[in-house]
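Undergrad: What follows is the residue order along each chain.
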Amino acid sequence: MKDEVPIQIEGLTAGYNDNPVITDVDLTVEQRDFVGIIGPNGGGKTTLLKSILGLLEPMAGVVRVFGRPPHETRDRIGYVPQYATFDEDYPITVKEVVQMGRRRGKGLLQGYSPEDEEETLSALEDVEMVNYSDEPISELSGGQKQRVFIARALVSDPDILLLDEPTASVDRKLEKGIYSLLNELNERAAIVVVTHDIGVMSAYVSKVACLSQKMFTHNEPYLEPDMLEEAYQCPVELITHAGEKIPHRVLEVHDHAGEED
Amino acid sequence: MLGEFASLFSFPFVQRMLIAGLLASVVGGVLGTYVVINRVVVMSGGIAHITFGGIGLAYLLQDKLDWGWMDPMLGAIVFALASGAIFSSDFVQNRVRQDSTVGLLWVIGMAAGMLFLNFVDKTKITVQEPASILFGNILLIEPLHLYILAGLALGIIAIVIVFFRDLKILTFDEEFARVSGLNVSGLNLLLFSLIALTVVILIKVVGVILVIAMLTIPATIASLFCKKLSTTMAVAASIGLITTFIGISSSLIFDTPPGPMIVLWMGGFFVPSFLIGRKLG
Chain U
1 MKDEVPIQIE
11 GLTAGYNDNP
21 VITDVDLTVE
31 QRDFVGIIGP
41 NGGGKTTLLK
51 SILGLLEPMA
61 GVVRVFGRPP
71 HETRDRIGYV
81 PQYATFDEDY
91 PITVKEVVQM
101 GRRRGKGLLQ
111 GYSPEDEEET
121 LSALEDVEMV
131 NYSDEPISEL
141 SGGQKQRVFI
151 ARALVSDPDI
161 LLLDEPTASV
171 DRKLEKGIYS
181 LLNELNERAA
191 IVVVTHDIGV
201 MSAYVSKVAC
211 LSQKMFTHNE
221 PYLEPDMLEE
231 AYQCPVELIT
241 HAGEKIPHRV
251 LEVHDHAGEE
261 D
Chain C
1 MLGEFASLFS
11 FPFVQRMLIA
21 GLLASVVGGV
31 LGTYVVINRV
41 VVMSGGIAHI
51 TFGGIGLAYL
61 LQDKLDWGWM
71 DPMLGAIVFA
81 LASGAIFSSD
91 FVQNRVRQDS
101 TVGLLWVIGM
111 AAGMLFLNFV
121 DKTKITVQEP
131 ASILFGNILL
141 IEPLHLYILA
151 GLALGIIAIV
161 IVFFRDLKIL
171 TFDEEFARVS
181 GLNVSGLNLL
191 LFSLIALTVV
201 ILIKVVGVIL
211 VIAMLTIPAT
221 IASLFCKKLS
231 TTMAVAASIG
241 LITTFIGISS
251 SLIFDTPPGP
261 MIVLWMGGFF
271 VPSFLIGRKL
281 G
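Each protein sequence line maps, in turn, to chains U and C.
For the first sequence, this note's numbering begins at 1 and goes up steadily by one.
For the second sequence, this note's numbering begins at 1 and goes up steadily by one.
By construction, these hints were calculated from the structure, which means they are not laboratory data.
Any given hint could be a false lead.
Listed next, the in silico DSS-like pairs over lysine-lysine satisfying Cα-Cα at most 27 Å (straight line) [unchecked claim]:
1) U:K207 x U:K176
2) C:K64 x U:K106
3) C:K64 x C:K124
4) C:K122 x C:K64
5) U:K106 x C:K228
6) U:K207 x U:K173
Reference listing, derived: stretches of chain C covered by chain U, where coverage requires no fewer than 3 residues with Cβ under 8 Å from a Cβ of chain U [as the list claims (entries may be wrong)]:
7) 159-171
8) 217-230
As the structure is a computational prediction, the values presented were derived from the model and not from experiment.
Beta carbons are placed, not taken as given, at the ideal position from N, Cα and C, and that holds for glycine.
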């Protein structure tokens, strides 16, 4: 199992009600990869994530997660959704949120075991939030909430971590903290981050691609702000090493034809 | 005075009224918590008003088809469950905006109820006054209805206990529920069916129009103070119990209809809680 490719996508076309949002996308995520996928809003980032999670059937092409259809291997993926999607006023504590990650495969009346409890606390330790375990989620800051949702994904001990806009609502300093946390977690899992804002992510990722209906990748070993802007037609913000070249292993050559927003 | 007041509780109709009120408070607090945190207050109001159509239809069937067994409460249950299923259905949600669906069924239910009652031969069938259906008739509660209420209430609470963890994931983060392999549409249908049945119980106590009060005021007060779902439910049920007891007692003392009295007591509890409770996150 261990040597299976975590994510392999070939010629994927997917969307809603017969309208494709992404067309002919190829993507390979290897073990220990840290992949950043950037793209404008509406470019299909969430569609791609839903396809990897098996929540959306491909219209064409193949998605394989560890060599199997994604709905069969979903338990090996830790998913961190955009936190705007859930209700911030919900009466729930940090520990309860993280426990949800241990729910899979349990019977209706089956509660959480001492082992679940232990794993929950250890995931909270990993994200340095263990002191907040009994706090209501509504009282945390944006960056703290994000750490809790990363812990919820971690608690099932996933081999892939999938994050949707993990830094959308945090400031630059916290953003850096979240990426250096992900960098540590990259020791145990492949990581895929989708975002519309490349920000400090660029300092950590091992591969970068741009998704705007099609997947645009580049064979240059460096990413530069103007190159991203021009080649990918994405609103890109590179703030980390202004003027410097940022070393990256970039995905294979792509076809520029049909490049549009 | 106090002895006189206490002696009121020896009347069977008063006891039935209290038991019905207390059962309603408990289910109202528990399901009301889901209603409040899921922001489906208006939808629950829709379910309540649609049952008026079911009650009218039940009387009409008693009259025209001689279905003596067709209890108005049964008509209410059928209409409530049907509307709960419609509200939770993806098919409808993909075609009509949800609040439009609610508004539409709300008025159609009311209009149908009034028309059905109009066609019932009142010399043959004893029909409750529309006002008592709309504002509650807990004073007139019959033993049979009390058994139905108790059965429904116990069933609802048992199902909530069994599905508690899964419903928590569903109501907190539906997308995560789907990723965790939970049957999201099945759980949504279950939750709306439970809300629908709760609405029917509450209608017996406070009537169609005041259902929203029992469903939302105690849960809203509880959510001002509690940080967990289970404690919010327990506190909401307790506030419901206290206010319903005070409401029923004061309606006996002042000789008023109990439904509006219960609602006003709940409102009275809400104001200070609102002033001292915590702010939303």
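Undergrad: A separate judgement is required for each hint: does it hold in the structure or not?
TA: Going through the hints against the structure:
no.: 1; hint: U:K207 x U:K176; result: holds, 18 Å
no.: 2; hint: C:K64 x U:K106; result: violated, 51 Å
no.: 3; hint: C:K64 x C:K124; result: holds, 10 Å
no.: 4; hint: C:K122 x C:K64; result: holds, 12 Å
no.: 5; hint: U:K106 x C:K228; result: holds, 22 Å
no.: 6; hint: U:K207 x U:K173; result: holds, 23 Å
no.: 7; hint: 159-171; result: holds (count 7)
no.: 8; hint: 217-230; result: holds (count 5)
Consistency with the previously given hints fails for number 2 only.
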